[in-house]
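Undergrad: Listed below, chain by chain, are the residues.
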Amino acid sequence: MDKKQNQNDEELYHSFLNESMEDYEESYKVTEKNQKKLIKAGRNDALKTNIMISLAIILLIVPVLTLSSFLYYAFGGKANHLIEIATKTIYVTEPNMSLEEIEVEEDIGFFTMDLTFDVFKRIGQEDYQAGEYSVDFALDQPNYPEREMKLEKPLPITADMETDLLYHPDGPYGATVYSDWEILDHLPDGTVGEVYLSLNQLMKPEELEKQLGNNVEVRWVAVDTGFEDKPLSEVDYSVAPIGYPLQVDSTTWSPFNGREQSNEEVFLDILKFLAKDEKTAERVSRARSLALGERISYIEKNGIQVYGAVVTGPTPELRKLKEHDLIHIMKVGEVKLWNWK
Amino acid sequence: MELEMSNKNKGKQRKLPTLSGFLSFVVALVALAGVNLSLLMDFDDFPKMFLIDLPIVGFFLGLLGLVTSKRSKLYALWGIGISLFILVFTFLMIGLSWVAINPKP
Amino acid sequence: MDLDEAFEAYVDDLYRYLFSLSKNHHTAEDLVQETFYRAFLQLSEDDIRQIKPWLFKVAYHTFIDFNRKHQRLVITDEVQHRISVKTPEMDLIEKEGFTTLMNDLHSLKESEMHALVLCDLHQLSLKEAAEILQLNINTLKSHLSRGRKKVVERVKERRRQDG
Chain A
1 MDKKQNQNDE ELYHSFLNES MEDYEESYKV TEKNQKKLIK AGRNDALKTN IMISLAIILL
61 IVPVLTLSSF LYYAFGGKAN HLIEIATKTI YVTEPNMSLE EIEVEEDIGF FTMDLTFDVF
121 KRIGQEDYQA GEYSVDFALD QPNYPEREMK LEKPLPITAD METDLLYHPD GPYGATVYSD
181 WEILDHLPDG TVGEVYLSLN QLMKPEELEK QLGNNVEVRW VAVDTGFEDK PLSEVDYSVA
241 PIGYPLQVDS TTWSPFNGRE QSNEEVFLDI LKFLAKDEKT AERVSRARSL ALGERISYIE
301 KNGIQVYGAV VTGPTPELRK LKEHDLIHIM KVGEVKLWNW K
Chain B
1 MELEMSNKNK GKQRKLPTLS GFLSFVVALV ALAGVNLSLL MDFDDFPKMF LIDLPIVGFF
61 LGLLGLVTSK RSKLYALWGI GISLFILVFT FLMIGLSWVA INPKP
Chain C
1 MDLDEAFEAY VDDLYRYLFS LSKNHHTAED LVQETFYRAF LQLSEDDIRQ IKPWLFKVAY
61 HTFIDFNRKH QRLVITDEVQ HRISVKTPEM DLIEKEGFTT LMNDLHSLKE SEMHALVLCD
121 LHQLSLKEAA EILQLNINTL KSHLSRGRKK VVERVKERRR QDG
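Chains as they are written, first to last, in my numbering: chain A, 1 to 341; chain B, 1 to 105; chain C, 1 to 163.
It should be emphasised that the hints constitute simulated quantities derived from the structure, not laboratory data. All figures in this text were calculated on a predicted structure; none of them were measured in a lab. Mixed in with the good hints there might be a few duds.
[Claimed, not checked] On the chain A side, residues computed to face chain B include the following (Cβ under 10 Å):
#, residue
1, L47
2, M52
3, L55
4, A56
5, V62
6, P63
7, T66
8, L71
9, Y73
10, F75
11, A79
12, N80
13, T112
14, L115
15, D118
16, L139
[What the hints assert, rightly or not] As a list, the in silico BS3-like pairs of lysine-lysine whose alpha-carbon atoms are at most 27 Å apart:
#, chain 1, residue 1, chain 2, residue 2
17, B, K73, C, K69
18, A, K78, B, K73
19, C, K52, A, K37
20, C, K150, A, K4
21, C, K109, C, K23
[To be verified] Listing some non-contacts, in silico: residues in chain B with all C-beta distances to chain A over 10 Å:
#, residue
22, L19
23, F43
24, D45
25, P47
26, K48
27, I52
28, D53
29, I56
30, F60
31, L63
32, L66
33, V67
34, T68
35, L84
36, I86
For each residue, glycine too, the CB sits at the ideal point set by N, CA and C.
Isolated chain A, as found in the complex (with noise of 0.2 Å):
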């Protein structure tokens, strides 16, 4: 009985269902035309729409990369750390040269960031422009920098103990260097310039200024490290002299400003600041490598020891060093007219 009952209802919903099919089918139309316009309209949507959309996709490449790049070197303020540890590694291993940190330019490119900035000796009285260095990072890591030398005498773009014209008593390397006396005696007097002086002994830097005297200023010691008297063939890595600049800089943001450390202190601190980014400091210093682990230990159980100096004077005065028991040897760096008040 429910079986049949069933299938009766069965028959009754698709009798039902085949009749309205009909009329539904027959009057529920597209025109021809209409069909084609709908689907033409809903196509060109479409590609209106993917168009767009890879449009904004395509423009959207460089704007994202762009501020991604920016907060890479924004977050925890690494583009900072990364001009922190090119400026100081030059104030640590450039004999006499000094920056402007101020007037560090930065370009941020795609995961690049480009430095440029000028770099100043002193010259007797006055800070004349040395170069411009740029240094590019991709990411974090350094590309050698390009130097543009604007000196008479450059020294060379890969440093060691024998290019720096700082040569250390006890070592191997000063042995077949002439000191410079006979340029400085064809100077004119009207002159001022900056020599590179190789002492006979080591000393304290307050005790060379005090030798030296009132009529010329030392702008640069280089420190023992206990690498300085060595053959290469002795040591495991090529080093080149490193110092500091004896001279307090009183612009606020040179390191060396001695407001709230002695300039030593500031250099122990540097250095102690580059070790933990030995690569990067090694590949913005023209020395091959730095070895600071080793020579911060050294410095901290010897004092800091100097054998070499960067001098600058009128040449008259500078002429009189000559007779000083001190003096190993003497290089001349760079000449300028007079400025010496």
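Use these hints to put chains B and C onto chain A, whose structure you have.
TA: Quick look at chains B and C alone, frame taken from chain A:
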């Protein structure tokens, strides 16, 4: 529904996607193109129009598009998204280069 | 162009489907266009094996989205109008016209209505319909049988009233 436009020919059934949403997307794209141009050409002074004015217009058009949209909200959402992105971009870039990267007193 | 032709074969089907869901001629045509718009947009994303169930799926979602936006909007005026214009004489001859079916269908629960429209009006297979409606087949079957029963009840009821 207020912004529906009827097709010239047959009329009734052909309706453009909401105009304001579409305009929002277009305005945002123009602004974005401007941003690209100034980034690629390395302009020092970004034209403010692309960075601030257009995105704001695009943003509000997009909001309007969301409200009035009868069909797809897609255009309005893209318009709003891109406009907001440019505004955030501008804000962050200015903020970062003043404060976080190589700040100069 | 091939795709256009393939789509053309289903315009009527889609139109009827969307008409039976929306009960409005203009809305149905609009939604057909929207369906094609979405179909063209999704072309690249989906691996389309069978056009018809896929188009119906797109159409179903188009309608659902449309409906969500216009939930409280009454748009049936015109349907009534159109249907009543179309049907008086048919009404006399044939009680069980399409209009009645439509009314019957829309008196059902929404889930049952969707099931019946897809499976009975448009002859999609259970599996296809289940995929479109995102139901499992057994649920769909029970929606179907319950819906059919209710329609039959209404038909019987009408017959009894007519004597």
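Undergrad: For every hint, state whether the structure bears it out.
TA: Consistency of the hints with the structure:
1. Checking A:L47 against chain B: minimum C-beta separation of about 13 Å lies over 10 Å; hint violated.
2. Among the interface hints, the one on A:M52 holds; its C-beta lies about 6 Å from the nearest C-beta in chain B, closer than the 10 Å criterion.
3. A hinted interface residue such as A:L55 counts as satisfied when its beta carbon comes closer than 10 Å to some beta carbon of chain B; here the least separation is about 6 Å, so the hint holds.
4. Restraint check, A:A56 versus chain B: the minimum CB separation of about 6 Å is within 10 Å; hint holds.
5. For A:V62, the shortest C-beta to C-beta distance to chain B is roughly 5 Å, which falls under 10 Å, so the interface hint holds.
6. A hinted interface residue such as A:P63 counts as satisfied when its beta carbon comes closer than 10 Å to some beta carbon of chain B; here the least separation is about 5 Å, so the hint holds.
7. Taking 10 Å as the C-beta cut-off, the interface hint given for A:T66 holds, the closest approach to chain B being about 6 Å.
8. Evaluation of the A:L71 hint against chain B yields a held restraint, the C-beta minimum of about 7 Å falling below 10 Å.
9. Interface restraint check: A:Y73 against chain B, minimum CB-CB distance 6 Å, threshold 10 Å, status holds.
10. This hint holds: A:F75 has a C-beta 8 Å from the nearest C-beta of chain B, less than the 10 Å allowed.
11. The restraint placing A:A79 at the interface with chain B holds, with a minimum CB-CB distance near 4 Å, inside the 10 Å limit.
12. Because the smallest distance between the Cβ of A:N80 and any Cβ of chain B comes to about 6 Å, under 10 Å, the interface hint for this residue holds.
13. The criterion of a C-beta within 10 Å of any C-beta in chain B is not met by A:T112, whose closest approach is roughly 13 Å, and the hint is violated.
14. A distance limit of 10 Å between C-beta atoms decides the matter here; for A:L115 the minimum to chain B is near 9 Å, and the interface restraint holds.
15. Interface hint status for A:D118: violated, as the beta-carbon distance to the closest one in chain B is roughly 15 Å, over 10 Å.
16. About 15 Å separates the beta-carbon of A:L139 from the nearest beta-carbon of chain B, more than 10 Å, and the hint is not met.
17. For the suggested pair B:K73 and C:K69, the alpha carbons sit about 11 Å apart, so the restraint of at most 27 Å is met.
18. Taking the CA atoms of A:K78 and B:K73, the gap is about 41 Å. The hint is violated against a cut of 27 Å.
19. A hinted pair counts as satisfied when its Cα atoms are at most 27 Å apart, and C:K52 with A:K37 qualifies at roughly 19 Å.
20. Note on C:K150 and A:K4: the hinted pairing holds, with a Cα-Cα distance of about 18 Å set against a maximum of 27 Å.
21. For the given pair, C:K109 sits about 16 Å from C:K23 by alpha-carbon distance, which is consistent with the 27 Å threshold.
22. With a least CB separation of 13 Å from chain A, B:L19 remains clear of the 10 Å interface cut-off, as annotated.
23. Consistency note on B:F43: stated as away from chain A, and its beta-carbon is indeed over 10 Å from all of that chain's, at 13 Å minimum.
24. Every CB of chain A is more than 10 Å from the CB of B:D45 (nearest about 15 Å), matching its label as outside the interface.
25. Every Cβ of chain A is farther than 10 Å from the Cβ of B:P47; the closest lies at roughly 14 Å, confirming the non-interface assignment.
26. The non-interface label for B:K48 is consistent with chain A: the shortest C-beta to C-beta separation is roughly 16 Å, beyond 10 Å.
27. Annotated as non-interface, B:I52 keeps its C-beta farther than 10 Å from every C-beta of chain A; the closest such distance is 14 Å.
28. With a least CB separation of 17 Å from chain A, B:D53 remains clear of the 10 Å interface cut-off, as annotated.
29. For B:I56, the non-interface assignment is confirmed: its Cβ lies about 17 Å from the closest Cβ of chain A, beyond the 10 Å cut-off.
30. In this structure B:F60 is separated from chain A by more than 10 Å, as the shortest Cβ-Cβ distance comes to about 18 Å.
31. The beta carbon of B:L63 is kept farther than 10 Å from every beta carbon of chain A, the shortest such distance being approximately 18 Å.
32. Look at B:L66: its CB is around 17 Å from the nearest CB on chain A, clear of 10 Å, so calling it non-interface holds up.
33. The Cβ of B:V67 lies farther than 10 Å from every Cβ of chain A, with a closest approach of about 20 Å, so its non-interface assignment holds.
34. Against the 10 Å criterion, B:T68 stays outside the reach of chain A, whose nearest CB is about 18 Å from its own CB.
35. Distance check for B:L84 against chain A: the nearest CB is about 12 Å away, which clears 10 Å, and the non-interface claim stands.
36. Residue-level check failed: B:I86 sits 7 Å from the nearest beta carbon of chain A, not beyond 10 Å.
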